[in-house]
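Number of protein chains: 2
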Amino acid sequence: MPSRSEISYFGAGPAPLPTSVLERAASVLLNYENQGIGICEISHRSAAATKILEDAKSALAQLYDIPADYEILFLQGGGSGEFSAVVYNLVARWVEKRRLRIVAELGEGKDAEVLDKLKTAVRDELRLDYLVTGSWSLKASQEAARLVGKDQVNVAVDARKANDGKFGKIPSEAEWKPSSRPAFTYFCDNETVDGVEFPAFPSVLEGAGDDTPVVADMSSNFISRAVDVKKYGVIFGGAQKNVGNAGVTIVIVKKSLLTPMAAPTLLQSLSLPVGPVVFDWPTIAKNNSLYNTLPIFDVWVAGQVMQSLLDTYGAQKIAGQEKVANQKAELLYGVLDAHPAVYRVVPDKAARSRMNICFRVHGGDDAREKEFLAAAEKRGLTGLKGHRSVGGMRASNYNAVSLEAAQKLAQFLQDFAAGSA
Amino acid sequence: MPSRSEISYFGAGPAPLPTSVLERAASVLLNYENQGIGICEISHRSAAATKILEDAKSALAQLYDIPADYEILFLQGGGSGEFSAVVYNLVARWVEKRRLRIVAELGEGKDAEVLDKLKTAVRDELRLDYLVTGSWSLKASQEAARLVGKDQVNVAVDARKANDGKFGKIPSEAEWKPSSRPAFTYFCDNETVDGVEFPAFPSVLEGAGDDTPVVADMSSNFISRAVDVKKYGVIFGGAQKNVGNAGVTIVIVKKSLLTPMAAPTLLQSLSLPVGPVVFDWPTIAKNNSLYNTLPIFDVWVAGQVMQSLLDTYGAQKIAGQEKVANQKAELLYGVLDAHPAVYRVVPDKAARSRMNICFRVHGGDDAREKEFLAAAEKRGLTGLKGHRSVGGMRASNYNAVSLEAAQKLAQFLQDFAAGSA
Chain L
1 MPSRSEISYF GAGPAPLPTS VLERAASVLL NYENQGIGIC EISHRSAAAT KILEDAKSAL
61 AQLYDIPADY EILFLQGGGS GEFSAVVYNL VARWVEKRRL RIVAELGEGK DAEVLDKLKT
121 AVRDELRLDY LVTGSWSLKA SQEAARLVGK DQVNVAVDAR KANDGKFGKI PSEAEWKPSS
181 RPAFTYFCDN ETVDGVEFPA FPSVLEGAGD DTPVVADMSS NFISRAVDVK KYGVIFGGAQ
241 KNVGNAGVTI VIVKKSLLTP MAAPTLLQSL SLPVGPVVFD WPTIAKNNSL YNTLPIFDVW
301 VAGQVMQSLL DTYGAQKIAG QEKVANQKAE LLYGVLDAHP AVYRVVPDKA ARSRMNICFR
361 VHGGDDAREK EFLAAAEKRG LTGLKGHRSV GGMRASNYNA VSLEAAQKLA QFLQDFAAGS
421 A
Chain G
1 MPSRSEISYF GAGPAPLPTS VLERAASVLL NYENQGIGIC EISHRSAAAT KILEDAKSAL
61 AQLYDIPADY EILFLQGGGS GEFSAVVYNL VARWVEKRRL RIVAELGEGK DAEVLDKLKT
121 AVRDELRLDY LVTGSWSLKA SQEAARLVGK DQVNVAVDAR KANDGKFGKI PSEAEWKPSS
181 RPAFTYFCDN ETVDGVEFPA FPSVLEGAGD DTPVVADMSS NFISRAVDVK KYGVIFGGAQ
241 KNVGNAGVTI VIVKKSLLTP MAAPTLLQSL SLPVGPVVFD WPTIAKNNSL YNTLPIFDVW
301 VAGQVMQSLL DTYGAQKIAG QEKVANQKAE LLYGVLDAHP AVYRVVPDKA ARSRMNICFR
361 VHGGDDAREK EFLAAAEKRG LTGLKGHRSV GGMRASNYNA VSLEAAQKLA QFLQDFAAGS
421 A
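Top line first, the protein sequences correspond to chains L and G. According to UniProt numbering, the stretch in the first sequence is residues 1 to 421, in order. According to UniProt numbering, the stretch in the second sequence is residues 1 to 421, in order.
Careful, some of the hints might be misleading.
Said to hold, decoys possible - In the DSS-like style, the derived pairs of lysine-lysine whose C-alpha atoms are separated by at most 27 Å in a straight line are:
1) L/LYS286 with G/LYS150
2) L/LYS117 with G/LYS119
3) G/LYS323 with L/LYS385
4) G/LYS51 with L/LYS378
5) G/LYS117 with L/LYS150
6) L/LYS119 with G/LYS117
7) G/LYS370 with L/LYS51
To be verified - Distance ranges between label pairs, derived from CB positions:
8) L/ASP211 with G/ALA47: 44 to 50 Å
9) G/GLY314 with L/PRO2: 32 to 38 Å
10) L/LYS255 with G/ALA263: 35 to 41 Å
11) G/GLU125 with L/THR50: 56 to 62 Å
12) G/SER27 with L/LYS370: 55 to 61 Å
13) L/VAL204 with G/ALA263: 33 to 39 Å
14) L/ALA367 with G/GLY207: 58 to 64 Å
15) G/HIS339 with L/SER58: 44 to 50 Å
Since the hints were derived computationally from the structure, they do not count as laboratory data. Remember, it's a predicted structure, so these values are computed and weren't measured experimentally. Cβ coordinates follow ideal geometry from the N, Cα and C atoms, glycine included.
All chains should be built: construct the whole structure from the sequences, respecting the hints.
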């Protein structure tokens, strides 16, 4: 019957949350701010709920220094939901902008001609660029192809190609094949399954403006390092790794990308998909994320986690968390690298994730890896099994994994390699 | 600083949850089944999570006597998400079935001809029937029109027409104008905003088979009365009224409606919408609701609430809960009806919701209604304000509102009418 303090959990998500936040959560479940009802029971339209939402937005805005021309949205549907939402929203915007240009060229009242030209433009010019560097960006690109057709999706780089069909490195930017003016360029900043993280913002995407915005899935490295939000059109992430509970998704989107939007009837005429209203960013923004019932408890947890980073790191803000994350990752990679006869880190050194540390034990020998997991568990180190699609080990190093937990794991890695675990 | 026992909350959703469930929830948040990590932290793919999911499904199947040829799905996105999902899924199925019939008539290899005939069929035959009896079915019908075009949506009845432009009654079935073979007929079993509930399954829809399935939104009267699931193709509900937390949506769908499904490319050619993969029921069913990260805590709460009904009512199952719900509703309507000089129940007597009791005080006089709310609050009776779109009072009588709470409210209604509140 282990207590929380006896267990160090390294699962990839849902992931550990700060015990102090969970203790407060347990209390507000029953009675929120002495209202006599709990946080899951209060109305999402109450003043208390609005304050929870505003506090969470404010904490995130402070952590990331989010400029005023960005919206912070809370939605349901997870990262996978946003794979679709990105396409629905940014394609609708591309179409409407293109239509307005055609109308400006042809003049008003030539609807049939406009539609014809627009069809040609969609076929010849509409391109969605994806940098496929792991399982999640692959899934996102597949969803885009399902929604708009594969001819419109340009896989600007597939990291498996130069790597024996496996993910694990980020090809150099010189090898990428971007479209000339994509509706957006999409990448997954940290690939949870494959342990691959972009070391920095891609330099070829520097200066991409509103016409070719950059979209990043940061589900698994959200609020773990400084981000220059201005470089992105859209940043999104499911909350269930660094931020909070499964069930809420955060989208940071530049306001100028929320308009203009093509009408559903126009999209249908162009054989382009119309998304569900709950994924329509302009609608969600206009309703301050309360178009429909928002899981306020999950927003509260996210807000508490973000506020606790602000409290812990003070003026350093996200840079303080980044330093700790790096320190823990360096510690663990250091031990793994020090024992090459026992451990092999899976991804390329230049693309190693600070969040998901993927490695094999004794060349991936099944019996030895099981032995490793069993020995780890005896020391209260759990959640180390890799994703079912790739096997091996994965130590997730999210914000709520303490330095102490990382040190325990490092000690175990050392002992196991020395045969004394 | 009121405690839970001092407050009786009548909010329309999120709504009260049983204190015993919340107490257990507070404990499992920190440590689930002695794993040393909490329920929001465990993997959605762990054995523990699978058991939570199976237990919740099993409890619901028992409560409703759900036949084996139905699937129970858990999704994100709320009832509003399902407004869209219903359309995406059932239109894709209608199209594929229609295509197969055309291919059977024409023979293989005539793709262009098939597409032409299918376009005509979509235009002339594809109809989605909506019974619009309140704000939520209206919204669902509007979403359908946005997704597939308004010509395809047949509002078989608009309850406002025979009622001064306001919701509040259910017109007699003789007045409905159903399509001959709709892709589906949709209704909202209980209209939360307007206090209107179908007294029983509509008799004109009896015997509707797989070709013209019946879809019901039961978000706000879920597990509050017996339902003959066999009569429905789809039943769905957001959990945040009778079942649990905002953040999880339950869909009960007949397995035969999950196949065949038109390919996205075909839907695009027909100017029909392609939904997000997270709303694709066949994908969710195939993955046992774990296509992407499911908020397992919310599933656990729902499972606990449903199991507690089974424990409380034993062999009576849902009929036991129905009896109590009716008893509470009769008590409250009884007091309101007994004081016609002070109270006016808004909806028609034949369509009164057992779940959301909507009434006006002193003819809707603003000052008197505020006085009513303030006096109620003094007695610890909260959440009585009606929906912002219609005003007035609304006492929601969900499962977790105890008989004692209903009695307190009844006493207050009496005292206020007598001028002694």
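Against the structure, the hints:
Proposed proximity of L/LYS286 and G/LYS150 is supported: the alpha carbons are some 24 Å apart, at most 27 Å. Annotation: proposed proximity of L/LYS117 to G/LYS119 holds, straight-line Cα distance about 23 Å (limit 27 Å). A distance of roughly 49 Å separates the Cα atoms of G/LYS323 and L/LYS385; the hinted pair therefore is violated under the 27 Å criterion. As the CA atoms of G/LYS51 and L/LYS378 are separated by approximately 24 Å, the hinted pair is consistent with the 27 Å bound.
At roughly 25 Å between alpha-carbon atoms, G/LYS117 and L/LYS150 fall within 27 Å of each other, so this suggested pair holds. The hinted pair formed by L/LYS119 and G/LYS117 meets the criterion: a straight-line CA distance of about 23 Å does not exceed 27 Å. With a C-alpha separation of about 24 Å, the suggested pairing of G/LYS370 with L/LYS51 holds against the 27 Å cut-off. Checked against the given bound of 44 to 50 Å, the beta carbons of L/ASP211 and G/ALA47, roughly 49 Å apart, stay inside it.
The hint said 32 to 38 Å for the Cβ distance between G/GLY314 and L/PRO2, and at roughly 36 Å that hint holds. Our hint of 35 to 41 Å for L/LYS255 and G/ALA263 holds, since their Cβ atoms are close to 36 Å apart. Distance hint for G/GLU125 and L/THR50: a CB-CB separation of about 46 Å, inconsistent with the stated range 56 to 62 Å. The beta-carbon spacing between G/SER27 and L/LYS370, approximately 32 Å, falls outside the hinted interval of 55 to 61 Å.
Between L/VAL204 and G/ALA263 the beta carbons are some 35 Å apart, a value that agrees with the proposed interval 33 to 39 Å. Evaluation of the 58 to 64 Å hint for L/ALA367 and G/GLY207 yields a pass: the beta carbon distance comes to about 60 Å. Checked against the hint of 44 to 50 Å, the C-beta distance between G/HIS339 and L/SER58 comes to roughly 47 Å, which is consistent with it.
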